[in-house]
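Take the sequences, apply the hints, and build the full model.
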Amino acid sequence: MSYPTYPNGYIYPNEVAVGLTWLPIIVTYMLLISIASGSALILSLGVLLNIGTLRRLTPLLLTLSLAVSLVYLLGPLADLRRPDRAFYILVSPHITPSDTYPGISLIALMAGVMWPLLIILLAAIGYITIYRGMWSSITTKVLALILAFVGMVWSMYFGLLLLTHIPLLAVLNLTPLLPVESLLESIALASSIALLALTAHYRSLEASTARILGQTIIACSLAFIALRLLQVFLLHAFKAGSPEITIFLNALSTLNTIALILAALSSIVALHLYYKSSTISSSLLAVLALLWVSSDRWLFTVNIQSISKTALSIIPASLDLAAWALETIGMALLALFLYYVIHTWIIKEPMLKVERSGVMLGEH
Amino acid sequence: MNSISRRDFVRVAVSALVAATVLSAPEVASREVGGRRWAMFVDVSKCNGCMACVVACAAENNVPVGVFRTWVERHVLPGGRVVFVPKQCNHCENPPCVKPCPTGATYVAEGGLVLVDPSKCIGCGACIITCPYGARYFNPLTGAADKCTFCVHRIKLGRLPACVEACPTRARVFGDLSDPNSEIRKIVDSIQTKVLKPETGAEPQIYYHALPEVASR
Numbered sequence: 030m031s032y033p034t035y036p037n038g039y040i041y042p043n044e045v046a047v048g049l050t051w052l053p054i055i056v057t058y059m060l061l062i063s064i065a066s067g068s069a070l071i072l073s074l075g076v077l078l079n080i081g082t083l084r085r086l087t088p089l090l091l092t093l094s095l096a097v098s099l100v101y102l103l104g105p106l107a108d109l110r111r112p113d114r115a116f117y118i119l120v121s122p123h124i125t126p127s128d129t130y131p132g133i134s135l136i137a138l139m140a141g142v143m144w145p146l147l148i149i150l151l152a153a154i155g156y157i158t159i160y161r162g163m164w165s166s167i168t169t170k171v172l173a174l175i176l177a178f179v180g181m182v183w184s185m186y187f188g189l190l191l192l193t194h195i196p197l198l199a200v201l202n203l204t205p206l207l208p209v210e211s212l213l214e215s216i217a218l219a220s221s222i223a224l225l226a227l228t229a230h231y232r233s234l235e236a237s238t239a240r241i242l243g244q245t246i247i248a249c250s251l252a253f254i255a256l257r258l259l260q261v262f263l264l265h266a267f268k269a270g271s272p273e274i275t276i277f278l279n280a281l282s283t284l285n286t287i288a289l290i291l292a293a294l295s296s297i298v299a300l301h302l303y304y305k306s307s308t309i310s311s312s313l314l315a316v317l318a319l320l321w322v323s324s325d326r327w328l329f330t331v332n333i334q335s336i337s338k339t340a341l342s343i344i345p346a347s348l349d350l351a352a353w354a355l356e357t358i359g360m361a362l363l364a365l366f367l368y369y370v371i372h373t374w375i376i377k378e379p380m381l382k383v384e385r386s387g388v389m390l391g392e393h
Numbered sequence: 610m611n612s613i614s615r616r617d618f619v620r621v622a623v624s625a626l627v628a629a630t631v632l633s634a635p636e637v638a639s640r641e642v643g644g645r646r647w648a649m650f651v652d653v654s655k656c657n658g659c660m661a662c663v664v665a666c667a668a669e670n671n672v673p674v675g676v677f678r679t680w681v682e683r684h685v686l687p688g689g690r691v692v693f694v695p696k697q698c699n700h701c702e703n704p705p706c707v708k709p710c711p712t713g714a715t716y717v718a719e720g721g722l723v724l725v726d727p728s729k730c731i732g733c734g735a736c737i738i739t740c741p742y743g744a745r746y747f748n749p750l751t752g753a754a755d756k757c758t759f760c761v762h763r764i765k766l767g768r769l770p771a772c773v774e775a776c777p778t779r780a781r782v783f784g785d786l787s788d789p790n791s792e793i794r795k796i797v798d799s800i801q802t803k804v805l806k807p808e809t810g811a812e813p814q815i816y817y818h819a820l821p822e823v824a825s826r
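Protein sequences appear in the order of chains A and B.
Residue numbers for the first sequence follow the working numbering, beginning at 30 and rising by one.
Residue numbers for the second sequence follow the working numbering, beginning at 610 and rising by one.
Hints in this document: simulated from the structure, not taken from any laboratory.
Keep in mind the model is a prediction, meaning the values are calculated, not measured.
Ideal Cβ placement from N, Cα and C applies to all residues, glycine included.
Watch out, some of these pointers could steer you wrong.
[Said to hold, decoys possible] Below 27 Å or equal to it, Euclidean Cα-Cα: the simulated DSS-like pairs (lysine-lysine) are:
id: 1; chain 1: A; residue 1: Lys268; chain 2: B; residue 2: Lys803
id: 2; chain 1: B; residue 1: Lys806; chain 2: A; residue 2: Lys268
id: 3; chain 1: B; residue 1: Lys806; chain 2: B; residue 2: Lys795
id: 4; chain 1: B; residue 1: Lys655; chain 2: B; residue 2: Lys803
id: 5; chain 1: B; residue 1: Lys795; chain 2: B; residue 2: Lys655
id: 6; chain 1: B; residue 1: Lys655; chain 2: B; residue 2: Lys806
[What the hints assert, rightly or not] Chain B is nowhere near these chain A residues, computed Cβ spacing over 10 Å in every case:
id: 7; residue: Ile40
id: 8; residue: Leu109
id: 9; residue: Gly132
id: 10; residue: Leu174
id: 11; residue: Tyr304
id: 12; residue: Leu320
Here it is, written out as structure tokens:
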């Protein structure tokens, strides 16, 4: 089959006018979502499966997840053209289908339902475990199970959002690989940020903690590499020659290679950490994981949007990187501030009480 | 003091939830109320690229400079023949742009018209990114998503959309597809037509005649 070629490009006029519909700030809030949801997922698994090492990390993971969850919706707020009406998502979310409003909005479901649910679950589990010491009660397990589900959905949100909103990805049929890849990225990123936070708190790492988180990162990064290579193979095998696949690979291949290399480097450093925990390796791992996930997020948001809906040309779009950097730094600093506040005023005090009473966390 | 049992509490809570859901359900099945299905037929072989439709649309709907509710594409076929293809919102039967709208600002109105309520639009761009036809844009004056309405304000008065009225060659035909006696129904039934990007499953309601392959994207 031969396809028509357009030497001068073929772009819809409104695409030229709009440029990037979702601004680069989407990369930042998708990263924050990954950190928050990945932490929540690891936390819930630690409680559910009764893994002592992970359970000892509960206060840290809880603080991390809560602090970042309270911040990440500022990202979409910065992306809205009418942020003054953002509250409509909470007061009239499009989550019940009808003839007038067919389907369900994933954005409304996540922002209007799953976000409050995540916050409530984190607060509830924090209260029950850290304040009340009920680690093994049925209530704790049920809440942890629900949190695991919510954390998993949030972790997959990036892939789900793209698949349901970008027609090109739907045509290329990247389901279900993209959501699974975002899940793996979220767990790896949250683990590496948790390692960094532990290093910052204690200046050293316990071998068992470094091993379990290192193992998690190795597993996630290797699985990510395997799935991404499978995805590229499938695209070449089943869609080769179509204008969609040609432009998709042209626009994405460089950054895709970089993301794969960074994922491989992350797994190598995590392997080093598995055998010999050190502050330098954990810091390096956090940076590498952040760069890996950032490059992949950039690839599937900014680069993919630059492909015209005609699949025959690239939209000329200018990026305001200065504004993006400022918004990113602002959100990161706010998350850091909230982390400090929650850790110092809400988590640390009951922890000290527990330590003073001679009962270690996880031994109730 | 009256005490409430757990069972009563659950019953009241479930009833309240059901009532809230029913009461908040918006104009269910509004498409069926009028029994109409507005659609457009475009005969590409009749379009001479005069852009009268583009100008008429912009004037009628106060479309800002740089964005378009309708536009005319110029394609050069192998052999050098030039064709002009008018495009706009397809008012799809299964509109991909309505589903992702988080606030219900985009909706399906009577007659299958896909419309935007600018007062509810938060400008998230979900509909713009999802529309496979590039028919939506951010209105720089309102910050809300905007697009062709099939001139709903005119068809309510029994008039034709501005682009149809302005077309000097009658390349555009507008009407009610569900009426067996309408001109558009007769044309669509008698002439071979194509729609844009049928693979998306959107079921667009603009039917093209003589649409070359190069312009069907």
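Against the structure, the hints:
1. The straight-line distance between the Cα atoms of A/Lys268 and B/Lys803 is roughly 24 Å, inside the 27 Å bound, and the hint therefore holds.
2. With a C-alpha separation of about 17 Å, the suggested pair B/Lys806 and A/Lys268 falls inside the 27 Å cut-off, and the hint holds.
3. Among the hinted pairs, B/Lys806 with B/Lys795 is consistent with the structure: their alpha-carbon atoms are about 23 Å apart, no more than 27 Å.
4. Between the alpha carbons of B/Lys655 and B/Lys803 the distance comes to roughly 15 Å, so the proposed pair stays at or under 27 Å and holds.
5. With a CA separation close to 18 Å, the supplied pair B/Lys795 and B/Lys655 stays within the 27 Å bound.
6. At roughly 22 Å between alpha-carbon atoms, B/Lys655 and B/Lys806 fall within 27 Å of each other, so this suggested pair holds.
7. Distance check for A/Ile40 against chain B: the nearest CB is about 8 Å away, which does not clear 10 Å, and the non-interface claim fails.
8. Chain B draws A/Leu109 into its interface by the beta-carbon criterion, the shortest separation being 5 Å against a cut-off of 10 Å.
9. Interface exclusion of A/Gly132 from chain B breaks down, the closest Cβ pair being 3 Å apart, not more than 10 Å.
10. Every CB of chain B is more than 10 Å from the CB of A/Leu174 (nearest about 21 Å), matching its label as outside the interface.
11. Listed as a non-interface residue, A/Tyr304 keeps its Cβ farther than 10 Å from every Cβ of chain B; the least gap is roughly 45 Å.
12. Remark: the non-interface label on A/Leu320 is consistent with the geometry, its nearest Cβ contact in chain B lying 26 Å away (cut-off 10 Å).
When held up to the earlier numbered hints, the structure conflicts with 7, 8, 9 and fits the remainder.
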